[in-house]
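Undergrad: Model the full assembly from the supplied sequences, consistent with the hints where possible.
Each chain, written out:
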Amino acid sequence: MVAPLLEIRDLQASAGERPVLRGLTLSVRAGEVHAIMGPNGSGKSTLAHVLAGREGTKVTGGTALYQGRDLLALAPEDRAREGVFLAFQYPVEIPGVSNVYFLKAALNAIRRHRGEPEMDAADFLVHVRERARLVQMSEALLQRPVNEGFSGGEKKRNEILQMAVLDPRLSILDETDSGLDIDALKVVADGINALRRPDRAMVLITHYQRLLSYVVPDRVHVLADGQLVRSGGKELALELEERGYGFLAGNGSGGAGPGVTGPEVTG
Amino acid sequence: MASPETIHALATKEYPYGFSSDIAEETAPRGLSEEIVRLISRKKGEPDWMTEWRLKAYRHWLTMEEPRWANVRYGPINYQDIIYYAAPKPKGSGPKSLDEVDPEVLKMFDKLGIPLHEREKLAGVAVDAVVDSVSVATTFKKKLSEMGIVFCSFSEAVREHGDLVRRYLGTVVPANDNFFAALNSAVFSDGSFCYVPKGVRCPMELSTYFRINAADTGQFERTLIITEEGASVSYLEGCTAPKRDKNQLHAAVVELIALDDAQIKYSTVQNWYPGDKEGRGGIYNFVTKRGACRGRNSRISWTQVETGSAITWKYPSCILQGENSVGEFYSVAVVNNRQQADTGTKMIHIGKNTKSTIISKGISAGRGQNTYRGLVRIQRGAEGARNYSQCDSLLIGETCGAHTFPYLDVQNPSGQVEHEASTSKIGEDQLFYLRQRGLSPEDAVNLIVNGFCKRVFKELPMEFAVEAQKLLAVSLEGSVG
Ligand SMILES: Nc1ncnc2c1ncn2[C@@H]1O[C@H](COP(=O)(O)OP(=O)(O)OP(=O)(O)O)[C@@H](O)[C@H]1O
Ligand SMILES: [Mg+2]
Chain A
1157 MVAPLLEIRD
1167 LQASAGERPV
1177 LRGLTLSVRA
1187 GEVHAIMGPN
1197 GSGKSTLAHV
1207 LAGREGTKVT
1217 GGTALYQGRD
1227 LLALAPEDRA
1237 REGVFLAFQY
1247 PVEIPGVSNV
1257 YFLKAALNAI
1267 RRHRGEPEMD
1277 AADFLVHVRE
1287 RARLVQMSEA
1297 LLQRPVNEGF
1307 SGGEKKRNEI
1317 LQMAVLDPRL
1327 SILDETDSGL
1337 DIDALKVVAD
1347 GINALRRPDR
1357 AMVLITHYQR
1367 LLSYVVPDRV
1377 HVLADGQLVR
1387 SGGKELALEL
1397 EERGYGFLAG
1407 NGSGGAGPGV
1417 TGPEVTG
Chain B
147 MASPETIHAL
157 ATKEYPYGFS
167 SDIAEETAPR
177 GLSEEIVRLI
187 SRKKGEPDWM
197 TEWRLKAYRH
207 WLTMEEPRWA
217 NVRYGPINYQ
227 DIIYYAAPKP
237 KGSGPKSLDE
247 VDPEVLKMFD
257 KLGIPLHERE
267 KLAGVAVDAV
277 VDSVSVATTF
287 KKKLSEMGIV
297 FCSFSEAVRE
307 HGDLVRRYLG
317 TVVPANDNFF
327 AALNSAVFSD
337 GSFCYVPKGV
347 RCPMELSTYF
357 RINAADTGQF
367 ERTLIITEEG
377 ASVSYLEGCT
387 APKRDKNQLH
397 AAVVELIALD
407 DAQIKYSTVQ
417 NWYPGDKEGR
427 GGIYNFVTKR
437 GACRGRNSRI
447 SWTQVETGSA
457 ITWKYPSCIL
467 QGENSVGEFY
477 SVAVVNNRQQ
487 ADTGTKMIHI
497 GKNTKSTIIS
507 KGISAGRGQN
517 TYRGLVRIQR
527 GAEGARNYSQ
537 CDSLLIGETC
547 GAHTFPYLDV
557 QNPSGQVEHE
567 ASTSKIGEDQ
577 LFYLRQRGLS
587 PEDAVNLIVN
597 GFCKRVFKEL
607 PMEFAVEAQK
617 LLAVSLEGSV
627 G
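Line order of the protein sequences matches chains A and B.
Counting from 1157, one number per residue, gives the positions in the first sequence under my numbering.
Counting from 147, one number per residue, gives the positions in the second sequence under my numbering.
Honestly, the hints are just simulated from the structure, not real lab data.
Certain hints may be false.
[Claimed, not checked] Derived lysine-lysine pairs resembling DSS-like cross-links, with alpha carbons at most 25 Å apart: (1) A:K1311 with B:K600; (2) B:K571 with A:K1214; (3) B:K571 with B:K604; (4) B:K571 with A:K1311; (5) B:K571 with B:K411; (6) B:K411 with B:K600.
[Claimed, not checked] Only part of the chain A face toward chain B is listed, based on derived beta-carbon distances under 7 Å: (7) A1208; (8) E1211; (9) K1214; (10) V1215; (11) E1233; (12) A1236; (13) I1250; (14) P1251; (15) G1252; (16) V1253; (17) A1262; (18) A1265; (19) R1267; (20) G1271; (21) V1343.
For glycine and all other residues, C-beta sits at the position ideal for the given N, C-alpha and C.
TA: Structure below.
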């Protein structure tokens, strides 16, 4: 059996001064889509940031292996070049820098790292157009400065477009479905589905079952208070939608449902 | 102005132009006196009126005080310890053609990425090369002269086009304008002269490349550009100097004159040696640049990318005299390590319906201090004058500074003045976002900075825009952990 693409063991981390992750264990295999749900402030974005290497987060215990290597030892850009992609919950504006220019620089940094030749402007344009088609996005976003003046929904779509262009192995999508209208949600979901591949894994952080009815996950996890407190199949998302996170309050009403394995509720 | 490969080669770590060349130089004794002024004038074979003009400037300079109002700090300058004239020794009586130029000089320019030999000449760019005090080569002269355009060294202009020089010299920046302009007027040694006659649009970029090579010398060049009715020209200047531990003074004067419907676009990529990390050495860049829009519908645009020099003190300005005339100032000024810049512009609206635009982008890193200082004056008769100013500062790190001093003086109630300013910091979140996509911290900073400067880079001729971006990258080297 092949080793998981991402193997997180007992991860403990703080954001700023605050301990947020308190022993999180998760393993993701190539080809899989995992969903992570959980209440506001439970540590979902912090997990994404720790995996991507954001300054201000600090790992205080545990391990995270990516392709069998210590992910946490790498600089953020090296993680990206090795194929880790984070779609930001709040994408950042870079005034005056066009999306294409930025993406070409990023892609070439990744290609150099892989020992591949850099793409020139013409080849890149062909590539980027092809990827934009794949995720059904107009090229209009490409010429605009990175996220500058983008609507909330456009910013989210732009993250998917970037993912399509950069061709990562492991994508962590932090609430890419939040703030999207119904049509845009469909576009984003179709984009994600188009990018599913046997050698690629995705972790979707979301609050809504709706996305998961388009992008059917292999596993669903609940993150609460810095740990994965429940894991299950796609039905878990439906159950959460119906019942909310009330079961976390400590009465154990959540129990292990049908098909649920993984950690027991710790409430 | 240079091919992508040379530009790439130049964009290496640290200050890449810091080499000095072993050129046979002829130098005047240290210090300044009437004798030295006469010596310079004699060396140049100048007519008496020119010598007198210099002496008058010199005598006036003696009565003046060095200005200290700028937001920059430096120790006293000993004007008697400077060499005011240094020239690469000509093989014959003076370089008449490139074949007579010292091969070491040609080699030096090759190293800088500026081939002067006609056979490797830069496509579409005519170059005047000035080393220390003298112009060593001007390319494309013949082709231009067929159109009536004069493009030559200042010394040659004084000798061959004395009437033109005499008519316009000092009419925009009078010899007694300020301390450094007066000093320049007394001892200027060379520079470029350009005259575009009525109705002629100069078909190629004109460019002057300044290089300080000799130690302990000052460089005082003088540029005069005249476009007659309906004429236009785009002119570029670039500059570098070797690394030296002592500060060197550069005090230039540039005068532009645009008559009716004429246009001048003046672009500068200033990359004098900035000194080392601790602030040792570097060029004091004290420059007076001013353009006069004398004619109706005339237009003068200044675009500057200031990355070098230990201290920069310059305010390229426009006197908008002609009705409907337009003045523009686009500036990027970068300070890193211990560099200090106090730069900006003056837009003096005199004529009716005159318009000006000021776009200033200041970038501070390390312990650099960056000041924007600008004046917009709308005089009583300037009915319907308008100005738009935008001054943005970008800070990299915690130890640098940005300061903005916009002065306004509106004497005509119909004048419209709009001013916007912003100060931002390169944020951790921006850096992280770019690094998460695979960019190194340096590339991430460069990308953010280039985006910040975009509005100004757009105004530069293409070749220069590329070079400017690379220069910025070199200047900001080491500004992020
Ligand atoms: N830099 C920081 N300093 C202090 N506390 C922080 C910092 N960053 C995050 N936190 C705190 O850590 C906790 C987890 O935040 P995180 O953003 O990971 O939550 P989340 O699960 O993504 O929430 P949401 O669903 O609202 O996006 C929150 O209580 C948050 O306030
Ligand atoms: Mg979050």
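Undergrad: Now look at each hint and say whether the structure bears it out.
TA: Now for the hints, and whether the structure bears them out:
{"no.": "1", "hint": "A:K1311 with B:K600", "in the structure": "22 Å, holds"}
{"no.": "2", "hint": "B:K571 with A:K1214", "in the structure": "24 Å, holds"}
{"no.": "3", "hint": "B:K571 with B:K604", "in the structure": "23 Å, holds"}
{"no.": "4", "hint": "B:K571 with A:K1311", "in the structure": "22 Å, holds"}
{"no.": "5", "hint": "B:K571 with B:K411", "in the structure": "31 Å, violated"}
{"no.": "6", "hint": "B:K411 with B:K600", "in the structure": "18 Å, holds"}
{"no.": "7", "hint": "A1208", "in the structure": "5 Å, holds"}
{"no.": "8", "hint": "E1211", "in the structure": "6 Å, holds"}
{"no.": "9", "hint": "K1214", "in the structure": "14 Å, violated"}
{"no.": "10", "hint": "V1215", "in the structure": "16 Å, violated"}
{"no.": "11", "hint": "E1233", "in the structure": "4 Å, holds"}
{"no.": "12", "hint": "A1236", "in the structure": "4 Å, holds"}
{"no.": "13", "hint": "I1250", "in the structure": "6 Å, holds"}
{"no.": "14", "hint": "P1251", "in the structure": "5 Å, holds"}
{"no.": "15", "hint": "G1252", "in the structure": "3 Å, holds"}
{"no.": "16", "hint": "V1253", "in the structure": "4 Å, holds"}
{"no.": "17", "hint": "A1262", "in the structure": "4 Å, holds"}
{"no.": "18", "hint": "A1265", "in the structure": "4 Å, holds"}
{"no.": "19", "hint": "R1267", "in the structure": "9 Å, violated"}
{"no.": "20", "hint": "G1271", "in the structure": "14 Å, violated"}
{"no.": "21", "hint": "V1343", "in the structure": "21 Å, violated"}
Of the numbered hints stated above, those contradicted by the structure are hints 5, 9, 10, 19, 20 and 21, listed in ascending order.
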